[in-house]
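Novice: Two chains, two frames, a set of hints: combine them into the complex.
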Amino acid sequence: QSVLTQPPSVSAAPGQKVTISCSGSSSNIGNNYVSWYQQLPGTAPKLLIYDNIKRPSGIPDRFSGSKSGTSATLGITGLQTGDEADYYCGTWDSSLSAYVFGTGTKVTVL
Amino acid sequence: EVQLVESGGGLVKPGGSLRLSCAASGFTFSSYSMNWVRQAPGKGLEWVSSITSSSNYIYYAESVKGRFTISRDNAKNSLYLQMNSLRAEDTAVYYCARGAAVAQFDYWGQGTLVTVSS
Chain D
1 QSVLTQPPSV SAAPGQKVTI SCSGSSSNIG NNYVSWYQQL PGTAPKLLIY
51 DNIKRPSGIP DRFSGSKSGT SATLGITGLQ TGDEADYYCG TWDSSLSAYV
101 FGTGTKVTVL
Chain P
111 EVQLVESGGG LVKPGGSLRL SCAASGFTFS SYSMNWVRQA PGKGLEWVSS
161 ITSSSNYIYY AESVKGRFTI SRDNAKNSLY LQMNSLRAED TAVYYCARGA
211 AVAQFDYWGQ GTLVTVSS
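Residue numbers (the working numbering), protein chains in the order written: chain D, 1 to 110; chain P, 111 to 228.
Only chain P is shown next, with the shape it has when bound in the complex (with noise of 0.2 Å):
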């Protein structure tokens, strides 16, 4: 069963930093592409990074472009976001989702909330 479990939101100041995690299993992680989406409190879904299944190719949304890095470790079938200069609109649920294609994420993992207020 392919699993996503995401870990490290919390509360933080503006300006802080963050470093969100999502560890994987039930599926060869090596092979995929992977994603994080944000929603922010009562709004839609916010597309914010992938990384190729080889970190080949990163791509970043321009709202957390410089500001945000997104990295995996496949030995550890583990993915992450690290989280910097955070602004009060970054305040959102965070969601890790594997990409079976370009257009096309096909688990997701429950969210993690990042808060960012002073």
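Just chain D, same shape as in the assembly (with noise of 0.2 Å):
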């Protein structure tokens, strides 16, 4: 089981935002950085957020990072149907000294 808690799914119509939250503890999100991924179906991950607010080049911006205290969010805007994906949130556990990766969020553009 992972130690960074997603909603499971999340929707909305066209055009419409989405967040998505990860939430943590001290030892993950509220010492480290944190990373947003995105898994298009039958695709490999990409990295769509990194240091918790940069967009790497050819991201558009209408993904967008926050974190606070012990938890992170992941912003879309404008949503389009080709944002129809998993989205998993992900940062270094210095605790367990291991990676850790939230239980990803399914959006479902109405």
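For the record, the hints were derived by calculation from the structure and aren't laboratory data.
Treat the hints with caution; some may be incorrect.
Taking lysine to any residue pairs in the SDA-like style, the calculated list, with each CA pair at most 25 Å apart, reads [as the list claims (entries may be wrong)]:
1) D/Lys46 <-> P/Val203
2) P/Lys175 <-> D/Ser94
3) D/Lys46 <-> P/Thr225
4) D/Lys46 <-> P/Gly152
5) D/Lys17 <-> D/Thr108
6) P/Lys153 <-> D/Leu96
7) P/Lys175 <-> D/Ala98
8) D/Lys54 <-> P/Ser163
9) D/Lys54 <-> P/Thr138
10) P/Lys175 <-> D/Thr5
11) P/Lys153 <-> D/Val109
12) D/Lys46 <-> P/Ala210
13) D/Lys54 <-> D/Thr70
14) D/Lys67 <-> P/Gly154
15) D/Lys54 <-> P/Gly136
16) D/Lys106 <-> D/Gln38
Specialist: Encoded structure:
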């Protein structure tokens, strides 16, 4: 079982906004950078957000990240059908000396 | 262009062994830490192991500690995962991923499927 908790699913209509939470503890999110990954159906994961808020080159600014205390949030604005995917948060856990992923959230565009 | 290509997956019986490889190109392999991440069918991502650029530090998930061994050959731009005493619960797609920083896997391979079944 993962130490990072995400909602199993979120949904919204095209053009709307969704947010995905990632809840952890002081040993992981509280004291380490958070990354977010997008996994489109049948494909490998792709880095979406790193260092809590930064976007790799090529990632549109519709995707944003934030962190407060022991929780992190991914936001997606202007939702598109191509955004339908599974999204995972991830970070290092200093107590476990292990990388931990969130439980994953499926985004559905209605 | 950064490329990571995994190979070595397949069907193996419980208790058996398998060695996965990841061929890297398009970047200075010896400058980056590397990682293995797996995904069981229909399940989420699970980190498996990490190795720093010079192999000075190696980390394993508790679920594979003592059974799996990560290694790399910087001269061959290759990452490996030796998997012994395989169990049914090790069945998954195994991805190799480049570690741009401690909490950041910036490039991923396409994955190789490992099936442990009698």
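Novice: With reference to the structure, classify each hint as holding or not holding.
Specialist: Evaluated hints:
1. D/Lys46 <-> P/Val203: holds (15 Å)
2. P/Lys175 <-> D/Ser94: holds (17 Å)
3. D/Lys46 <-> P/Thr225: Between D/Lys46 and P/Thr225 the Cα gap is close to 24 Å, so the pair holds against 25 Å.
4. D/Lys46 <-> P/Gly152: holds (18 Å)
5. D/Lys17 <-> D/Thr108: Measuring from Cα to Cα gives roughly 12 Å; hence the hint holds.
6. P/Lys153 <-> D/Leu96: holds (22 Å)
7. P/Lys175 <-> D/Ala98: At roughly 12 Å apart (the allowed maximum being 25 Å), D/Ala98 and P/Lys175 satisfy the hint.
8. D/Lys54 <-> P/Ser163: With a Cα-Cα distance of about 24 Å, the restraint between D/Lys54 and P/Ser163 holds, given a limit of 25 Å.
9. D/Lys54 <-> P/Thr138: Distance of about 23 Å is within 25 Å: holds.
10. P/Lys175 <-> D/Thr5: Roughly 24 Å separates the two Cα atoms, so the pair holds.
11. P/Lys153 <-> D/Val109: OK: P/Lys153 and D/Val109 at ~21 Å, within 25 Å.
12. D/Lys46 <-> P/Ala210: With Cα atoms ~13 Å apart, D/Lys46 and P/Ala210 stay inside 25 Å; holds.
13. D/Lys54 <-> D/Thr70: holds (18 Å)
14. D/Lys67 <-> P/Gly154: holds (22 Å)
15. D/Lys54 <-> P/Gly136: holds (23 Å)
16. D/Lys106 <-> D/Gln38: holds (10 Å)
Going down the numbered hints, you'll see the structure goes against none, and every one checks out.
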